[in-house]
Amino acid sequence: MSGIVLQCVKNEDDGMRLNRWFLKYYPNITMGRLQKLLRTKQIKVDGAKVEASFKLSAGQTIRIPPLKDEEALPQKSKTLLTKEVEFMRSLVIYKDKDVIAINKPSGLAVQGGTNTRFHVDGMLDALIFENSERPKLVHRIDKDTSGVLLLARNRKSAELLTKGFREHKIAKTYLALVNGCPDKENGEIKAYLAKAGERMQITSEGQSARTLYRVLDKVGNKFSLIEVCPLSGRTHQIRVHLESIGCPIVGDDKYFGGGSRIKNNLFADKLHLHAYKTDLSTIYNKKTIIMAPLPEHFRNSLNAVGIDFKE
1 MSGIVLQCVK NEDDGMRLNR WFLKYYPNIT MGRLQKLLRT KQIKVDGAKV EASFKLSAGQ
61 TIRIPPLKDE EALPQKSKTL LTKEVEFMRS LVIYKDKDVI AINKPSGLAV QGGTNTRFHV
121 DGMLDALIFE NSERPKLVHR IDKDTSGVLL LARNRKSAEL LTKGFREHKI AKTYLALVNG
181 CPDKENGEIK AYLAKAGERM QITSEGQSAR TLYRVLDKVG NKFSLIEVCP LSGRTHQIRV
241 HLESIGCPIV GDDKYFGGGS RIKNNLFADK LHLHAYKTDL STIYNKKTII MAPLPEHFRN
301 SLNAVGIDFK E
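For the record, in the sequence shown the residue sitting at position 18 is 18 according to this note's numbering, with numbers rising by one throughout.
For the record, the hints were derived by calculation from the structure and aren't laboratory data. Worth double-checking, as some hints may not be accurate.
[As the list claims (entries may be wrong)] Between beta-carbon pairs, the in silico distance windows are: (1) 204 x 112: 50 to 58 Å; (2) 296 x 83: 14 to 22 Å; (3) 287 x 69: 50 to 58 Å; (4) 12 x 112: 19 to 27 Å; (5) 32 x 219: 55 to 63 Å; (6) 48 x 205: 47 to 55 Å; (7) 40 x 12: 24 to 32 Å.
[Claimed, not checked] Pairs of lysine-lysine residues, derived as DSSO-like cross-links and limited to a Cα-Cα distance of at most 27 Å, are as follows: (8) 136 x 163; (9) 169 x 195; (10) 277 x 218; (11) 55 x 136; (12) 287 x 254; (13) 95 x 222; (14) 277 x 163; (15) 36 x 24; (16) 68 x 49; (17) 163 x 55; (18) 156 x 83; (19) 143 x 49; (20) 286 x 222; (21) 287 x 277; (22) 24 x 41; (23) 254 x 277; (24) 169 x 286; (25) 163 x 143; (26) 156 x 49; (27) 156 x 169; (28) 270 x 83; (29) 49 x 24; (30) 95 x 254; (31) 163 x 184; (32) 222 x 270; (33) 310 x 222; (34) 195 x 143; (35) 254 x 10; (36) 156 x 136; (37) 218 x 270.
By construction, the Cβ of each residue, glycine as well, lies at the ideal position given by its N, Cα and C atoms.
With the hints as constraints, model all of the structure from the sequences given.
This is the structure in structure tokens:
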């Protein structure tokens, strides 16, 4: 059992809710236990009783009562191998004091799950650099999708970026190599999406989803390179929407015209969907566009079908 501890709120935690502060520094305390400690006035801020939602200010003092040994333990960071650190740092395509952007390869999961131990979230300690805290995930892209993945380097940046994605103020542009060619060179796909097992399906009972597209180049009616801009952020939105207009993405196992995709020796057995550009101009109040070079398998496939794309 630990003794009473007084902790001063750091500048980087200014404005943070008390429950989030405890999640950061005392992750082994359950929310139920935290509520009990607050209710019985064992936790105080500047000597006063507060609620879990209380917003902290830099310089305030938090009284931490005696805790069980396991509750007092800080969150353990995974010790990364040198090759994991080098791998993560090799993915960085943009870095400033608030944001890091990586070019995530196809096949690398953003977060862990069943049978997924190698993922971005588990290796974020490699990208701390000169900071004292690890970067934070502020959005997701599919495991099989490559391209721009943004990470916030501090709490305020995380809040700003999360809000920007939620309010669709951050424009994202994808590139997709698809089977077939849309009837129109450009347009908007509107279709409601709902979860159906591990897939998404189009249904009038789903959530509204909108996607803009533009054909950049095509090989007759066999293959097309399409620029895609999602106006909403539904799971698998681009993949389902493109399939719905008869243009499933090359290498897509889940959405291929309602049936199993046919493997083609021209292409690597990977999804050909790439998060190409992310525009942070509205967040930064100046032109700030982050671009991720195409992965090798995507470039090779374009060359194989005779599509010349200038990055």
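Here is how each hint holds up against the structure:
no.: 1; hint: 204 x 112: 50 to 58 Å; verdict: violated (35 Å)
no.: 2; hint: 296 x 83: 14 to 22 Å; verdict: holds (20 Å)
no.: 3; hint: 287 x 69: 50 to 58 Å; verdict: holds (52 Å)
no.: 4; hint: 12 x 112: 19 to 27 Å; verdict: holds (26 Å)
no.: 5; hint: 32 x 219: 55 to 63 Å; verdict: holds (60 Å)
no.: 6; hint: 48 x 205: 47 to 55 Å; verdict: holds (49 Å)
no.: 7; hint: 40 x 12: 24 to 32 Å; verdict: holds (29 Å)
no.: 8; hint: 136 x 163; verdict: holds (14 Å)
no.: 9; hint: 169 x 195; verdict: holds (25 Å)
no.: 10; hint: 277 x 218; verdict: holds (21 Å)
no.: 11; hint: 55 x 136; verdict: holds (20 Å)
no.: 12; hint: 287 x 254; verdict: violated (36 Å)
no.: 13; hint: 95 x 222; verdict: violated (39 Å)
no.: 14; hint: 277 x 163; verdict: holds (19 Å)
no.: 15; hint: 36 x 24; verdict: holds (18 Å)
no.: 16; hint: 68 x 49; verdict: holds (21 Å)
no.: 17; hint: 163 x 55; verdict: holds (18 Å)
no.: 18; hint: 156 x 83; verdict: violated (31 Å)
no.: 19; hint: 143 x 49; verdict: violated (45 Å)
no.: 20; hint: 286 x 222; verdict: violated (40 Å)
no.: 21; hint: 287 x 277; verdict: holds (13 Å)
no.: 22; hint: 24 x 41; verdict: holds (21 Å)
no.: 23; hint: 254 x 277; verdict: holds (24 Å)
no.: 24; hint: 169 x 286; verdict: holds (14 Å)
no.: 25; hint: 163 x 143; verdict: holds (23 Å)
no.: 26; hint: 156 x 49; verdict: holds (26 Å)
no.: 27; hint: 156 x 169; verdict: holds (17 Å)
no.: 28; hint: 270 x 83; verdict: holds (24 Å)
no.: 29; hint: 49 x 24; verdict: holds (20 Å)
no.: 30; hint: 95 x 254; verdict: violated (34 Å)
no.: 31; hint: 163 x 184; verdict: violated (34 Å)
no.: 32; hint: 222 x 270; verdict: holds (18 Å)
no.: 33; hint: 310 x 222; verdict: holds (21 Å)
no.: 34; hint: 195 x 143; verdict: holds (17 Å)
no.: 35; hint: 254 x 10; verdict: violated (46 Å)
no.: 36; hint: 156 x 136; verdict: holds (11 Å)
no.: 37; hint: 218 x 270; verdict: holds (20 Å)
The structure shown violates the earlier hints numbered 1, 12, 13, 18, 19, 20, 30, 31, 35.
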